[in-house]
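Based on the sequences and whatever the hints tell you, model everything.
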Amino acid sequence: AQSVTQLDSQVPVFEEAPVELRCNYSSSVSVYLFWYVQYPNQGLQLLLKYLSGSTLVKGINGFEAEFNKSQTSFHLRKPSVHISDTAEYFCAVRRNTGFQKLVFGTGTRLLVSP
Amino acid sequence: NAGVTQTPKFRVLKTGQSMTLLCAQDMNHEYMYWYRQDPGMGLRLIHYSVGEGTTAKGEVPDGYNVSRLKKQNFLLGLESAAPSQTSVYFCASRGGNTGELFFGEGSRLTVL
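Protein chains in written order, with this note's numbering: chain Y, 3 to 116; chain U, 20 to 131.
Simulated from the structure, these hints should not be mistaken for laboratory data.
Beta carbons: idealized from backbone N, C-alpha and C, even for Gly.
One or more of the hints may lead you astray.
[Stated by the list, open to error] Only pairs whose alpha carbons sit at most 30 Å apart, straight line, appear in this in silico DSSO-like list of lysine-lysine:
1. K90(U) x K51(Y)
2. K103(Y) x K28(U)
3. K103(Y) x K90(U)
4. K28(U) x K51(Y)
[What the hints assert, rightly or not] Label pairs and their in silico Cβ distance ranges:
5. T129(U) x R111(Y): 19 to 29 Å
6. Q73(Y) x M38(U): 43 to 53 Å
7. Q36(U) x T74(Y): 37 to 47 Å
8. S103(U) x L9(Y): 21 to 31 Å
9. I85(Y) x S103(U): 28 to 38 Å
10. S72(Y) x K33(U): 50 to 60 Å
11. V69(U) x T7(Y): 24 to 34 Å
12. L131(U) x L9(Y): 33 to 43 Å
13. R79(Y) x T34(U): 37 to 47 Å
14. M46(U) x L9(Y): 32 to 42 Å
15. T39(U) x P20(Y): 44 to 54 Å
16. T129(U) x Q47(Y): 23 to 33 Å
17. T73(U) x F16(Y): 45 to 55 Å
[Stated by the list, open to error] Here are a few chain Y residues that face chain U, going by a calculated C-beta distance under 10 Å:
18. V6
19. S11
20. G45
21. L46
22. Q47
23. L48
24. F92
25. V105
26. F106
27. T108
Given below as structure tokens:
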């Protein structure tokens with residue numbers, strides 16, 4: 003079975019500073035990896051995904067993530083955050099064969115202050 | 020441009036009452052899911068469906084039932100609500116194997 007660990011439950015950062023949200027996964031087989039964002043009182047929407055190919059994945063709103071197979075990590079980064087990036091971010095993993103359920107981490111709340 | 024629509028968005032129940040949450044998607048997706056979201060626990064899968072007429076249990080199915088009589092609809096039922104079922108419920112759907120999940124805006128349920 004797959005699992006996801008998001009070690010940071012909350013990350014405070016100042017506007018225009020860089021940020022990294024950490025995600026580590028556990029799986030004995032090849033996986034797909036995702037980052038979702040949830041703005042207050044809304045559903046989740048896809049930020050970016052890694053399926054195969056280049057290990058550096060670019061997503062919406064200037065976010066990017068790097069798949070590191072040896073460290074089983076998929077950390078999310080942004081070089082300069084905005085107040086509007088304040089939200090909860092979820093990392094998720096799924097096996098890449100057949101029908102498989104998506105397993106979510108517990109989420110990281112990004113708090114951007116002026 | 021509806022995507023995934025959940026009704027109702029808010030509901031308050033008394034312990035022991037029953038209710039049904041409706042999820043409708045207009046993207047012709049095969050796969051549909053019901054999750055619950057609780058503070059500090061992320062999203063946990065309740066039930067899912069791989070196509071019309073099929074349902075399967077997720078990781079927290081107890082106390083819930085589901086039905087997928089039509090491809091576009093996925094219903095989540097609570098037969099006898101308990102305070103432990105106070106949560107925000109999200110429906111999601113997915114197309115192909117590499118497709119992303121599309122989420123509804125959530126249904127906030129409070130059981131007193």
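Status of each hint after checking the structure:
1. K90(U) x K51(Y): holds, 26 Å
2. K103(Y) x K28(U): holds, 25 Å
3. K103(Y) x K90(U): Status holds; Cα separation ~19 Å.
4. K28(U) x K51(Y): holds, 28 Å
5. T129(U) x R111(Y): 19 to 29 Å: About 22 Å separates the Cβ atoms of T129(U) and R111(Y), which means 19 to 29 Å holds.
6. Q73(Y) x M38(U): 43 to 53 Å: Taking Cβ atoms as reference, Q73(Y) and M38(U) lie about 45 Å apart, which means the hint holds.
7. Q36(U) x T74(Y): 37 to 47 Å: holds, 44 Å
8. S103(U) x L9(Y): 21 to 31 Å: holds, 27 Å
9. I85(Y) x S103(U): 28 to 38 Å: holds, 36 Å
10. S72(Y) x K33(U): 50 to 60 Å: Holds, since S72(Y) and K33(U) (Cβ atoms, about 53 Å apart) stay within the stated range.
11. V69(U) x T7(Y): 24 to 34 Å: Holds: the Cβ-Cβ distance is about 28 Å, inside 24 to 34 Å.
12. L131(U) x L9(Y): 33 to 43 Å: holds, 35 Å
13. R79(Y) x T34(U): 37 to 47 Å: holds, 46 Å
14. M46(U) x L9(Y): 32 to 42 Å: holds, 34 Å
15. T39(U) x P20(Y): 44 to 54 Å: Since T39(U) and P20(Y) have Cβ atoms about 46 Å apart, the given range 44 to 54 Å holds.
16. T129(U) x Q47(Y): 23 to 33 Å: Between T129(U) and Q47(Y), where Cβ atoms are some 25 Å apart, the hint holds.
17. T73(U) x F16(Y): 45 to 55 Å: holds, 49 Å
18. V6: Holds, about 8 Å.
19. S11: holds, 7 Å
20. G45: holds, 4 Å
21. L46: holds, 5 Å
22. Q47: It holds, given that the least Cβ distance between Q47(Y) and chain U is near 7 Å, below 10 Å.
23. L48: This hint holds: L48(Y) lies near chain U, its Cβ roughly 4 Å from the closest one there, short of 10 Å.
24. F92: Holds - the Cβ of F92(Y) comes within 10 Å of chain U, reaching about 6 Å at its closest.
25. V105: Given a least distance of 8 Å, the restraint on V105(Y) holds.
26. F106: holds, 4 Å
27. T108: At 4 Å from the nearest chain U Cβ, T108(Y) passes the 10 Å test, so the hint holds.
When the structure is compared with the earlier hints, no violation turns up for any of them.
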